Amino acid sequence: MAEHRYEEKNDAEQNRFLKYTVTILSDYRLYLLLLPIIIWYGLWFYKPLAGLLIAFKNYQPNLGVWESDFVGFANFGSLVSGTWAPQFWRAFRNTFVISLYGFIFGFPIPILLAIFFSEITRNGLRGITQTFSYLPHFLSEVTITGLVLTLLYNGEVTTGVIAQFLINLGVISETTKIMQNAEYFRPVFIMTGIWKEAGYSSIVYFAAIMAISPVLYEALKVDGGNKLQEIRFVTFPGMAPTLIIMIVLRIGNMLSVGYERVILLYNANTYETADVLSTFVFRIGLEGGNQSIGAAAGMFEALIGFALVVGANFISREISDSSLW
Amino acid sequence: MKNHSKSLLLVLLMILAVVAFTACGGVSDPEAEPTAEPAPTEAPAVEEAATEEVAVAEEEAVVEEAAAEEAAVEEAVAETAEMEAEAVPAEEVAAPEMAMADALNLNIAAGNNQRTITYQQATPLELPDGTVISQGALKPTWQYIQEQLGIQLNDVTIQDQSAGEMMDVSAATSFDNAAIYGGNSIAEDFMSYGAQGYFVRLNDHLEHMPNFAAYLAASPNIAKAITAYDGGIYFVPYVAEIGNYARVFDGRETWVTALLDSDEALEAETHTLTPSYEGFWDRNATNVVDLQNEAAGGTLTRDVARDTLLAYIAETYPELENPSDLYLGETAVYDMDELVALWRVIELSPNTLSKVTTGDVIDGAEITPFFVRQTSYREDVLRLLNYFGGQRVHGSDSYAARFYLDANGELQYSYAEDSFLAGVDLLKDLYEEGLIHSEFADTSMTDNVRNSLYAADDSDGQQQFGFMTYDWIASTTASNPDVVGMLPPLTTVGDSDEFIHWTENTRVIKPDGWGISTAASEEEINAALYLLDYFFSDAGHIVQNYSPPYGLLEGETYLAPDGIEYPKFNEWMVDASCELKSCDMSGFLRDFIGSQIPIGYQKEIGFELQTTINHGEEAWALWIGAPVKSTSYESEDPLFRLVPPVFSLTEQDTAKLGQLAVGEEQVDQIFLYITGAETAVDSVEALKALYVNAGIDDYVDVYRNAYARMTE
Amino acid sequence: MKNYLLKTQSLLVYALIAVCIALFVLYLGFMTQYYSLFYDGTMETFDYYKLLQVFNKEAFSLSLIFIALGLVLLMFGLHKYRPGLFGLIAVFIATVYMSLNSITILQVLPKYKNAYLALDFSSMEDYVPSTFVFDAGLVLQSIMIVLSVLFAIVAVMTFVQRLKEGKPLVRKLI
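Chains as they are written, first to last, in my numbering: chain A, 1 to 325; chain B, 1001 to 1712; chain C, 2001 to 2174.
Here chain A stands alone, though its shape is the one from the complex (with noise of 0.2 Å):
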């Protein structure tokens, strides 16, 4: 008896299709107001999706994405065992390490920054602090990197004021040219980002802390709690959900280093260790004319990405109760 139910409530659930359809119908206004964002989307985000298939083409302009001919995996083929495979790995290699720095030293300091920010407790001191952190956010990656590079210039006929810092420390020697030196790119390049997105990143943070109830604060000063145990005991977990989410968010977008700030910050001298996917991509598919190479080592990335952040979402929801979906 109970299986007949259960049947019957399947019975009129199995109606879903139709069930939506004559939803969509009767509220139509609804969903008409909808409507231009799933224009929006299907333009911009899904209908460019059908132009990957040129990573599995001989894509040639005249002939358009379609009528092109197909060759198959060869294309995946050239990068990952063929003449491309040098540049490709290398570009991959760079890629996660980067990312990985960026990761590991890039995104501990809005935490620490969002903390900081709250325990200053005069408003209007607080308020500048943050605003000069902000600040770097708002100005476009050309101007950060031509700053930098301006700064770290050490060459015939000027030296930067940083790189000529360096030099009276005795941290490099005169001969050093730091942005033409691959051991250094990448530290130039986590301390760039740092600088200009750190402080806009704490906002996220910081709001997460405002948010978590002073009465457990008061709990834990009553309990004998120091200021450290407070943001050991209070503040950690009370923007743990936030911090997870980052995170989540942050592995899927782990493969996409900012090419830009690569691309202003490179140069042949330091591919070794500067040259990412997306460079790789901007120089091969765009630069170099080679559409079809490029936008199959853009899917590589994209692929990896994705199962980056369906497995960070997998982990996140195992081990705590926070995940995206």
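Be a bit skeptical, because a hint or two may be false.
Restraint-style ranges between C-beta atoms, simulated for each label pair [unchecked claim]: (1) C:Lys2111 <-> B:Gly1494: 50 to 58 Å; (2) C:Lys2111 <-> A:Ile37: 45 to 53 Å; (3) B:Gly1389 <-> A:Phe103: 21 to 29 Å; (4) A:Glu287 <-> B:Ile1158: 13 to 21 Å.
Calculated from the structure, these hints are not laboratory results.
This structure is a prediction, so every number in the text was calculated from the model and none was measured.
The C-beta atom is built at its ideal place from N, Cα and C for all residues, glycine as well.
Please build the complex by placing chains B and C on the supplied structure of chain A, with the hints as guidance.
Using the frame of chain A, we list chains B and C on its own:
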């Protein structure tokens, strides 16, 4: 009931969907649907040189082929000449009797909005007759052409778009938004899309282009170089001032005389260098680099370097009046080793040379013996290899033209050759000694080095001075009154033992130009042919090379050092170029007037000669007088023959190249190796391996086959 | 009592969708071994490559439609529930389309394969002929036919089962 009717509606929708799906059709049968197969455009490359025997036979038949080629060319010349005789006399531009559109859309991209046919300056330009040209209007030259031909010209170019991108985007719409497409570095596209039917095959319309037909008839080598593999000519090229020298060696005259001809100017020097370079030549009894190295005992000082050099010159060239004559003027007979010996002395004399240049010894002055204008010209350092046994570097006037013809007439990719890479080791030595500008290959540095090393001697705090470069005569000699043209180092070339002055770099057919879209109407095509031909008429030639008549002196000409008379700019042009473009006439013509834009025309040297100042004319005379041997399209010796600006590639060629990674990556590595970067490979063998792994053998095969098709 | 028929139906839907995806991947990578026929071979291999393109483009289009049909089956909930009238129609559309086109592909694939085997590869250095994708295509399309037929039969049975239980032919909408 209501629900029921909705259900019926959905059933209907479903049935419609079924019809739609089944209409998608089945799968083709290879035997049943032969018509669905796209027609192949060309036999695969492999078939053309299917066996090694064929290749060998081809090599053996080079001489016969050349003879056959000549016969074919003669035939073509005769044919075209005949046609020309029948055609309208190639003078002034009387409108031909054919239905022509009265307006044309032009898409001429240069990747720089200043260089399109539309005036893009914020400052309006007032012409001598009072007409004001404002932003957005056609540039004066193009307005003039419009009036002369009676055809309205509409510029539909996306002003900042690069020509390559423009071709890609236009290809997606089958070139239907303009009648004429043009720009720089797109000759390969014209050939490839032309062979696929997107561009008008100009050979079939030469009767409507009498001036261009006459030009091709007179220049069969140009005709051959722009002919695609299917025999079609699909674009009209921009041909630079062929037959004239391009870049030359320039150096500071007083530096050489001050250091070598007397002791008067010498200051005490403390600078030293550690020799790395060990000399290349053994044409004389002793080698001056060897002598310097031996005398140095590990560390070379100015005095040791100078004394050794002077002693060597006295012993080896007793006939020279002054030691500096070894390097300067028409008596120059130096080779690369002797030049290096001089560079060392120069490098070691910062006090002396800063005083010679500015009147005072400058503390901390740095001397650069050899530099290139900017880092994007870094390949000019590689051109020095020409003087280490005549190694060819570029087959045409483009850094990307890395194919050249060897003595057997076979294409070789210079950068991957063992002999080239061995030379790279020598350049590495020179760089290590500090004889080449330390930042020449640092592409992130975009300064104009020629400005800072030649043109800023009088600037406050100036500490950087350069001695020698390899660059264009007019602009380089204009940058410093002490800079003179120098003959190139002596070298042997090929198997010959004769030491000659030669330069590989010369003026060539550029991979730029314009073509007519087949998507245009017949009337538009006719009008476009008329326009393209205009630039080869006398009137069009002058307008495009100099300016419309109001920019020239009427009835007066400029007499060049070679005895030829050219149109002469009037005062208004000279003044306007100085006021608006810092006396850069070339830039003024392109950015303001609209002449000399890289579309199909023959550029003339008269413009450059009459804007040459300081020791520029002497440099011309020196090179012409020597004479310095140069490459050309006509040379019978393949080693001195220019290759076409681009190769006509088939669909298969392009596909195969797409799977190969030969390109800028390896070139970057060569420069990293020369400059001793930490991430550089450790030997030239490793550089070679980079090329091999990137598929250089297949890459060379593709181009050899393409070249064979073009010269068949 | 477990409804084995429904269970079978559910499994068949998933199996069909899996085959659709496998075919999609297969036809996406179909030319991998044959691209060099285009740029490295002879006139014959070039012609064959162009001919194979026609097949590949059509087969790829079909694989997209197969996947779309698979999604329609999911939208009708046929992986969970017994079909009503509309569900049954969807089943018929999908299975008939899949099996008919699979039969056509099964007819033409061997011809392409034989034409490939008849080619002369001697001029191509290091080329190793492979008929893997042809064979995989044959296997997958055969599986698709079998699954389609089975699925149609099972769907009819669950439909009848449902009607016998006195359920309405067309379900209530709300």
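Status of the hints after comparison with the structure:
no.: 1; hint: C:Lys2111 <-> B:Gly1494: 50 to 58 Å; result: holds (56 Å)
no.: 2; hint: C:Lys2111 <-> A:Ile37: 45 to 53 Å; result: holds (49 Å)
no.: 3; hint: B:Gly1389 <-> A:Phe103: 21 to 29 Å; result: violated (54 Å)
no.: 4; hint: A:Glu287 <-> B:Ile1158: 13 to 21 Å; result: holds (18 Å)
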